[in-house]
Amino acid sequence: MSQEIISEIHLTLFSDIKYLEVVQSVSDSFSSLAGLEGEDAYWVGLSIREAVTNAILHGNKDDSSAPVKLSFRQASDKLIVTVKDQGEGVDESKIPDPLNPDNLLKPGGRGIFLVKSFMDNVFFNTPEEGGNELVMEKFFKEGVKK
Amino acid sequence: MKIETRTVNGVTILDVSGKITLAEGSADIRKSVRALLDAGRTNILLNLGDVKYIDSSGIGELVSSFTTVTNKGGKLKLLNLTLKLRELLAITKLLTVFESFDNEDEAVKSFS
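Residue numbers (our numbering), protein chains in the order written: chain A, 1 to 146; chain B, 147 to 258.
Please note: incorrect hints may appear among the correct ones.
[To be verified] In silico EDC-like pairs for lysine to aspartate or glutamate, Cα to Cα no more than 20 Å straight-line:
#, chain 1, residue 1, chain 2, residue 2
1, A, K116, B, E245
2, B, K165, B, D184
3, A, K106, B, D174
4, A, K106, B, E245
5, B, K165, A, D102
6, B, K239, A, D102
7, A, K141, A, E39
8, B, K198, A, D102
[Said to hold, decoys possible] Label pairs and their calculated CB-CB ranges:
#, chain 1, residue 1, chain 2, residue 2, range
9, B, S163, A, N121, 44 to 54 Å
10, A, F139, B, D251, 39 to 49 Å
11, A, G35, B, R180, 38 to 48 Å
These aren't lab readings, by the way, just hints derived from the structure by calculation.
For every residue, glycine included, the Cβ atom is placed at its ideal position computed from N, Cα and C.
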């Protein structure tokens, strides 16, 4: 995956939901700097928030000492956000479909679904150094990129 | 998040404002609803017009509240969905589950 990165920000936080507002602020600021606006910026922010919530609660099992590492990258045509936790990885085939009638009234299980609904590309990586990484990409609409 | 309670023609209306997120204590809605059920108030209308932000945890709390009230033989309906919340409920197919209204009078009348 070689592409020119115009700007990037890295953020590391301990696993505590109190940092979600910080993540949201950084996400909103970076989206704005990258030229992402309006609805797109809003849903990207929600997607990142959902990804970090999952990393804290499921990946790091709410262990406050376990770090969550985020990177925000701006390429010429898209925003690329990665969220890395210390978990063992995700078997996507085992993620229940929240739209299945059997799952519709379950209180949880919609986080990754929302991420996939609002981002253009979403995939999981298992880095060599361990942990689990979720990569999310959002393409800029024509004329928005800088 | 702030929740204020009032009653109109036997329907308990919860005026919810602020953010319904994990970090902001989204479970407060479920707790408020359970307290109403314990007090025998089973017709509940959630006014979400002043909700500024909601995440999947908040959506889950709405679902939990709905199933809790339904299992007790009551009714829980939604009032004044914001465009963002309506979109979230649409893509999660929950608009097919919740009865929602844009007019309070109509919503209150629907319980009778």
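Quiz item: Failing hints, ascending?
Solution: Numbers 1, 2, 5, 8, 9, in rising order.
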